[in-house]
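Colleague: Each chain, written out:
Protein chains: 2
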Amino acid sequence: MNDRIRYAPLLERIVSAEEASHHIQDGMVVGMSGFTRAGDAKEVLHELAKRAQSEPLKITLLTGASLGHDTDKVLAEAGVMARRLPFQVDTSLRRKINAGEIMFIDQHLGETVEQLRSGSLPPIDVAVLEVAAITEQGHLVPTTSVGNSVIFALQAKKIIVEINCKVPTAIEGYHDIYQTTDRPERFPMQIVHPQDRIGVTAIPIDPAKVVAIVETGMEDSPAKIEAPDEEIRQISRHLTDFLLEEVKRGNLGYSLLPLQAGIGAVANAVLVGLIDSPFHDLTMYSEVLQDSAFELIEAGKLLFASSCSITVSEKWYHRFMQNLDRYRDHIVLRPQEISNAGEIIRRMGVIGINTALEADIYGNVNSTHVHGTHMMNGIGGSGDFSRNAQLAIFVTKSLAKNGDISSIVPMVPHVDSNEHDVDLIVTEQGYADLRGLAPRERSPLIIERCAHPSYREALHEYVREANQRGGQTPHVLEKALAWHIAARETGSMRTAFKTS
Amino acid sequence: MNDRIRYAPLLERIVSAEEASHHIQDGMVVGMSGFTRAGDAKEVLHELAKRAQSEPLKITLLTGASLGHDTDKVLAEAGVMARRLPFQVDTSLRRKINAGEIMFIDQHLGETVEQLRSGSLPPIDVAVLEVAAITEQGHLVPTTSVGNSVIFALQAKKIIVEINCKVPTAIEGYHDIYQTTDRPERFPMQIVHPQDRIGVTAIPIDPAKVVAIVETGMEDSPAKIEAPDEEIRQISRHLTDFLLEEVKRGNLGYSLLPLQAGIGAVANAVLVGLIDSPFHDLTMYSEVLQDSAFELIEAGKLLFASSCSITVSEKWYHRFMQNLDRYRDHIVLRPQEISNAGEIIRRMGVIGINTALEADIYGNVNSTHVHGTHMMNGIGGSGDFSRNAQLAIFVTKSLAKNGDISSIVPMVPHVDSNEHDVDLIVTEQGYADLRGLAPRERSPLIIERCAHPSYREALHEYVREANQRGGQTPHVLEKALAWHIAARETGSMRTAFKTS
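Same order as they appear, the protein sequences are chains A and B.
According to my numbering, the first sequence holds residues 1 to 500 in order.
According to my numbering, the second sequence holds residues 501 to 1000 in order.
Honestly, the hints are just simulated from the structure, not real lab data.
Check the hints yourself; a few may be wrong.
As the list claims (entries may be wrong) - In silico SDA-like pairs for lysine to any residue, Cα to Cα no more than 20 angstroms straight-line:
hint, chain 1, residue 1, chain 2, residue 2
1, A, Lys96, B, Pro684
2, A, Lys248, B, Pro684
3, A, Lys58, B, Leu937
4, B, Lys979, B, Glu989
None of these values were measured; they are calculated from a predicted model.
Could you build the full structure based on these sequences and the hints that come with them?
Modeller: Shown next as structure tokens:
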């Protein structure tokens, strides 16, 4: 362990996961590493589920984003989790959230740290952080994500370290650890290009706060990326066409602007689609790198990628770990305070590509709530990017549930990104460029370009009736949510207008 | 005129407003100075209304924000306006917008300039700018607002200047004119404190673009600030109580953080309320200064205010103009690209105080659309601030229309600031501190603290029924908009539940 724990006094803090877990007590606020399944602490929290069988134990759990290793599932099912933020993707946890048993605070991933700094959230009691090494100064070298680990380490009275011996120590140097200060004194983040480094390579802490170190050896849970189907490939083609149009109009060059793509199959496929495009010398300023980023680097298309995490398939995980020197000049990992900072996203004019659950005829997007009520995953970083992007692009297939659900609806019953934040909607049918358009101009465009043909006439009919009522954003309030009501009651949105 | 037009070659460009107006042709995009009735060009555009009687003349009009002198009314009624952005407050224009006769693009006031830079909006053909003077270099000294004049001057092929001889030339020096660059090369805005200056005092232009100069002499249309009633004073007291609590919790000091207050009686009264508070050495980083800012300066409470415009009553307008040297060290006026820049607002952690039209039981705010469909004014700068503020505060009276309308509703039918952006809702009933709360925790708090007692039971009843349906954000979709439907049909929201 001496090559991983280079600050000798900490060698004596090595304990079992079970022992380490006893620093976490009932009622505490725990901040854990982990962002989109990458770099999560993998063992200590699981011990809480065991302990909860014989002692009262409920905690508030904060992370960077989602976790692997069923940690959310295990903690939710054991009843350990009272509150959870800022993001999750687990089925069991989701069920308890929607049952009102676990309080879930859905947050922009770039804002949790702000709320911790300003006292809008209670402070972290214990941080549980996965690291690859501890430096000579006792500082912490993260693994495949940085997440919120910097603020967790700063605020926590106690830090529990999970030192992952499976991650090569050569990962040191990938991270650019910078943190802003508490207000009122705060300074510009001097990042102008994705490759700019403004920080150090390890998280500075007072080593005396490290109360326990646990040796671990599990890999990150691999990303589950389905192969793109024909509809996803169509979405990718439409998006490439739009970007080419922007080049023709003189709004972009062939290197575009730094790209961001949310997690998931569609965003991944869209990036893969750029391999065979005329674009070149691309950069990314994103919160997560999926397989597509590595494929673009290998294809010589992607010069540099700034991210908060690396969330890839098993194949790419191993290639990355075995070739850390190869990718070193192409990738930097940052805290989400920086990767998701509106300041930098706006400055660079990032092209943000995120997935919508559904969009309405005026361009409002629901990213989170099924039927407007039931939480899917959370808003994640989509808002951090779409609000500040030069081009805020939302992608979705026009249909879901074998056609029973239209992703283009009269009114979304929950708004995550509103009309001001949505520049382009892309489905397999085409794209609607909403920039500079009034709501009454957007509705026919979205219907014709994005809605599935089998829903178009019903949408047009809604617009006709709504326009007769007047307004900047015409609606027939009695019918605005009828499709969602029908879907909930009958399983199909079509019953809302077929029977009427 | 030699003291106002110090670049001699431009002296020969002085013409009548009528003559100047002929540089504006049918179909053009016109960018005009003016922000919340301050510093608007006052004569040239009115000539278009006359010309439109005898020639086809339709334009797109962009400004900083709202205008005085009935310019929007005159242009709307003359049929000259085809498109309007990013904000308006005029009754006649509003009627035509809601009838679908004029296309209105409602925008965050800080984003219009971004969209012009990136090609998301068509470029400006002609700029019409009110100035106090033209410098030796031919650069333009604005008057009581800066608005979007910098980008308009930069993009326009032709600039028409209205030189307002009523504004003392001593206003020179009040402005800090800085503009970012077009992407991809853009740099941090190096403003850390409201008083930091990073620019020059006049708008740099190529004087050859000035095709006409018109002498004018009208004052800005005065702000209409009603005296605060008891409910408004209650709102102000609740807000002060909350800020004092934040000081006690150690989240703020007695100098708070830079304050922003939207336009209108409530925001003005809230600031006036600080005169008799224990807070001191305050600063503002705002988009508009109302009478309250001057009263706070006079009371020795406000050290410095950064703004985009000065929109005050006749009394304060004259005091300001007659005492320009007195306020010189207390005020700076900036382009809205800077006054409304998320980068700076987030960095400083501004305390943003804006008015809601209505809020729902989960903290989503509608600032713009009556009944969810009909445009009131526009989102203005409220989103620029609330999205980036350390504390995003929305204020509203709990009732409107003699109690027929509740400002706290089950679901807002239009979302301008969503749950993520709203930290505090304040009505005359009290305040609801939503920070760190899940939706199910927010609803009882908002109902008990903010809703009028006469609507509370109906709201609780809605929540009970919604909670039975489950979800992160429970709703009864069939009833979610029933109050708005009732209000539209019967004039009163009460009929939605009294008769059920």
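Colleague: Each hint: holds or not?
Modeller: Status of the hints after comparison with the structure:
Of the supplied pair hints, the one linking lysine 96 (chain A) and proline 684 (chain B) is violated, its CA atoms being roughly 45 angstroms apart against a limit of 20 angstroms. With a C-alpha separation of about 17 angstroms, the suggested pairing of lysine 248 (chain A) with proline 684 (chain B) holds against the 20 angstroms cut-off. Only pairs whose Cα atoms come within 20 angstroms are accepted, and lysine 58 (chain A) paired with leucine 937 (chain B) is accepted, the gap being roughly 17 angstroms. For a cut-off of 20 angstroms, the pair hint linking lysine 979 (chain B) to glutamate 989 (chain B) stands: about 15 angstroms separates their Cα positions.
Figure legend: structure checked against the earlier numbered hints; the only hint not met is number 1.
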